[in-house]
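Construct all of the structure, not just a fragment, from the sequences and the given hints.
The opening position of the sequence shown corresponds to residue 867 in the numbering used here, with each subsequent residue numbered one higher.
Since the hints were made in silico from the structure, they are not lab data.
DEER-style ranges, computed between Cβ atoms: (1) 944 - 901: 13 to 21 Å; (2) 931 - 870: 14 to 22 Å; (3) 916 - 884: 13 to 21 Å; (4) 930 - 904: 25 to 33 Å; (5) 904 - 933: 35 to 43 Å.
Once the Cα atoms are required to be at most 25 Å apart in a straight line, the calculated DMTMM-like pairs of lysine to aspartate or glutamate come out as: (6) 926 - 880; (7) 948 - 914; (8) 926 - 951; (9) 948 - 934; (10) 926 - 869; (11) 926 - 895; (12) 926 - 940; (13) 948 - 880.
Cβ atoms here follow ideal geometry from the backbone N, Cα and C, with glycine treated the same way.
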Amino acid sequence: VLDYRYSHIQGALDTAVAFNFSGAMFPWESAFTGHEVCFDLAADCWIEYHIGGDVVLAHKQYWQMTKDLQWLRDFCWPVVSKVADFWLSLFVPSSSPSECADGLFPQGRSSCLVMNNTRCVD
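Shown next, in the form of structure tokens:
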């Protein structure tokens, strides 16, 4: 699965650009190209932003088990750094210097989970 993400990262990069984001926006459903293949273009598959976090978690767990420095440098970092770039491109500063607002949910900062997970470091 990790090799698949690495070898198909171009699809995730293309998807991020298509939505005016940076980095890698991994698809909900993917095939040979690494591009989104969700059969219903109106479905929520286009906003499954958490997939990048799942990809990073899988890479972290592999690293924890192997401690393979060459893999970390050559295969893990190119993927994880692009997911980080994607997440950073989602956030925009809010009017409060101690908080960030994001473009993920219309309810934004009214959601406790969003508020607790989008705090910025002062």
